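A.B. asks: The whole structure should be built from the sequences, with the hints applied where relevant.
There are 2 protein chains.
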Amino acid sequence: MIGARRGLLCAKGLVAGVSARTQVPRFFKNSPKLNIRVSAYSTKAVPLTAETYSDKVKRDERFKQLEESDIEFFHSVLQDPHGVITGEEDIEFYNEDWMRKYKGQSKLVLRPKTTEQISQIIKYCNDKKLAVVPQGGNTGLVGGSNPIFDEIIISLASMNKIRSFDEVSGILKCDAGLILENADNALAEKGYIFPLDLGAKGSCHVGGNVATNAGGLRLLKYGSLHGSVLGLEAVLPDGTIYNSMNSLRKDNTGYDLKQLFIGSEGTLGVITGVSILCPSRPQVFNVAFLAVSSYEAVQKVFVGARRELSEILSAFEFMDGKSQLLTARHLKADHPIESGEYPFYVLIETSGSTKEHDDEKLEGFLEKAMEDGLVDDGIIAQDETQLQSLWSWRESIPEASTIGGGVYKYDVSLPLSDLYGLVDAASAKLKEANLVDFDDDSKPVVEAIGYGHIGDGNLHLNVAVREYSKEIENVLEPFVYEWIQSKKGSISAEHGLGFQKKNYIGYSKNDIEIKLMKDLKNHYDPNGIMNPYKYI
Amino acid sequence: MIGARRGLLCAKGLVAGVSARTQVPRFFKNSPKLNIRVSAYSTKAVPLTAETYSDKVKRDERFKQLEESDIEFFHSVLQDPHGVITGEEDIEFYNEDWMRKYKGQSKLVLRPKTTEQISQIIKYCNDKKLAVVPQGGNTGLVGGSNPIFDEIIISLASMNKIRSFDEVSGILKCDAGLILENADNALAEKGYIFPLDLGAKGSCHVGGNVATNAGGLRLLKYGSLHGSVLGLEAVLPDGTIYNSMNSLRKDNTGYDLKQLFIGSEGTLGVITGVSILCPSRPQVFNVAFLAVSSYEAVQKVFVGARRELSEILSAFEFMDGKSQLLTARHLKADHPIESGEYPFYVLIETSGSTKEHDDEKLEGFLEKAMEDGLVDDGIIAQDETQLQSLWSWRESIPEASTIGGGVYKYDVSLPLSDLYGLVDAASAKLKEANLVDFDDDSKPVVEAIGYGHIGDGNLHLNVAVREYSKEIENVLEPFVYEWIQSKKGSISAEHGLGFQKKNYIGYSKNDIEIKLMKDLKNHYDPNGIMNPYKYI
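Protein chains in written order, with our numbering: chain B, 32 to 567; chain P, 32 to 567.
If you're looking for bench data, these hints aren't it; they were derived computationally from the structure. No false leads were slipped in.
For chains that are exact copies, the list does not tell them apart, and a pair is met inside one copy or across any two.
Below, in silico cross-link-like pairs of lysine-lysine (DSSO-like), each with a Cα-Cα straight-line distance of 30 angstroms or less: (1) K549 with K518; (2) K546 with K87; (3) K154 with K204; (4) K75 with K533; (5) K331 with K519; (6) K552 with K204; (7) K549 with K159; (8) K221 with K399; (9) K89 with K75.
It should be emphasised that the depicted structure is a prediction, and the values quoted were computed from it without experimental measurement.
C.D. replies: So, in structure tokens, the structure goes:
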């Protein structure tokens, strides 16, 4: 797929051709079917969210406690012993998040197989005032898909079918519980691509992606889910089935209600089906990995890439040097750029329809960037294995950032010029508090690193820690949120609010916006049973 | 911009190079500043909507009649004699739609200059129960922006400024009343493009585009406004100013309320400001105009173009032969393809960053399409003038379809394979009723023509008439809507519901969807003052 271009690029200082590494697995390769967690993280017990945050959250006494008669009702609906999970050990997977930061106390997990079953479950819960958490692949990063107290978990894992695919229009209709990678693999066979990609694709669900308005790695090219989702099916808090599984690219007949569910994190209902427009799969991919000596140069490379690579630019990711040191330690591998340690790295992906054209455009662009002194070194993947390997140095960062034992994750939008300033500011605060050392295990913080989707103005600030502690949290919060607010950024670019950011929404939204949101929540869910203690 | 490729294409049967025609003006070149209507249409008086449809609509007696004291209040708010229009003749422009099909009886037009003024106006109207119609460029096609009875018209025409443009991110913030073409011209100077284009660009407002979720000519490439609009400012029915003028590509902090306003046609509030992500302006455009002998071949050419031209394909429009006969009569010009009359024509636009690459891709694609017998004849524009001229044969159809005196417009989404079937079916019905003759002025219908955005599954069925009549309407409705429903299409792809389609929404939406919409309308506008008698 990627041709040999060693000569051309070597001449310009680009060392073409990484050694053919074994492909590094995408992070969190957990199979929901088996419920086995493959994790490199701390084996310490995860503390209960309700205890860690006892000063911030109390159980809402409006909600009924689960009784035996309720479980009997759910058995009668699901008619499947594997659909009703009550064993403490079996529930643990659903109660905990993958970062091992949040842990709920649910006593019941339901795994319905049909939308009709979910409707019956939710109607019953609403009538009885039983609180509920919808859960997809449980790969969220803000504690949005785990209970806080004894909410019933409704897992979509057993609703994982493709309903239909139209090869002329490229419209996929599927159950919400379909795993993203399975969706994309099926599309690949037909010459199409899912308009979203992210590291957790092996576990996350399409419905969860929509519920959290996931952004991911290729938003730059394919845009947001608000544009590509054509229809949804959802169960509302009173059990009503909202069926709007359109397969039309354009439909201006009334309010676009489905938009409300995109990014509502299970607080307005349970998404059960998704209809989405999938683009033609590009026929050629190129990936270049570049070393850059300043953040200013990173910005210039981006502006140039958008102008010169234009319609074939499909990803522009940046990583700081610290993130790559951490990733090298995690992967136990040498970095693909071996000529030294650089403060910044950039991964550029192009995708298009004609190999020679794309090669020529990318090479021309890179030559110019090197001539202009913006790029210090770099490589271009020469085959699919190398391409995947280069991507792994970007995609493995989230997992690498947990190798100390945990990670505080901040996913923020900022104006491009201010983007990296937040990492510098957070690092300085942590150093000032004498909490950081990359090698000294007596310090609670390993490192504050920054990486993300420059093309979307989206920074991931990850503070890799050896333990979660109030001391670290108090240094970081509300400092980080205040810093973001001062630059008119967003405290959540793509991860959502969940439990982590519920109390901080005021840093990104004004009072009227918040009031309107609360009104809407009350309008649809007057009993507040859907994913309580979170979001808004 | 377009190089000479005569040799190559002539050899394959493509006659390159139309004679350099004077550029045909885009339709409805009305300057809102002057309020002069340049129109080729009938000069017959437009009948009052309330009279034409007296069987369907009655004035809502909840609404107060306008009094002198109200006008005094509005004068005190606007502090500008030109901002308060009460003269019958001056109001006519605002009362009538451009198709001369709908006419309201408003006695008052307000032209506020600030969002704060609109807030005061709306709050007053809500308190007094005075009904209101927000109006942008008044280029709508379903009677959505004109009053039915005595609603007060709030024109956004005096709020027409660009608020800011960020050259790094491409984010434009503007007043709702900015004319689309003015926005695009300003963007062109900075190397950007507005992610929407449509025939009425010289008159329509950005705010109106958002309020109607306009689709237009380049949705295929740039996606829907649900994806590209980043923020909105709007005045709600109680006068609250909703300020969510974000300039972030990603922001997952709460419900995406702005989405509700996109396509709500002024029924939930008045959009006063828009923040929108604009792509880099392509550096090279190509336009090919092709003659195709069957609708089946049109579909095949489309599927091939999407696959082969992929990332550079920016428009794929089709027109039937009848639409081109009508357009030739209207433009008083020879058709660019002079080798004969064909049943179908296709306009393909590519846009990209490298001329040679795009030329090569397009030529390769066209050669193959001709070899495969899918394309009978065609031309490629050789310069900007020719490019505009070819576009005019597509963009002039809406105006051409009114040369008889009027037009019944149906803007529908259908599965690709069924798309043209609707034109055949409608033509057959009209012929059966003996209503049609292209040349005989004694027949009320000139012709039923079809054209539209194949790439979006969006057909425009236009029934060109010599007069509006119940007889024609009864032949067409509900027949057309029933036909669409039977194919699971949408009765409004991009024009919206307005007055025309209010009663037909049930053909495209189910009872639960409609109930949820009505609930939402009541939630935000309990007095129903915003754009009544329409939409839902």
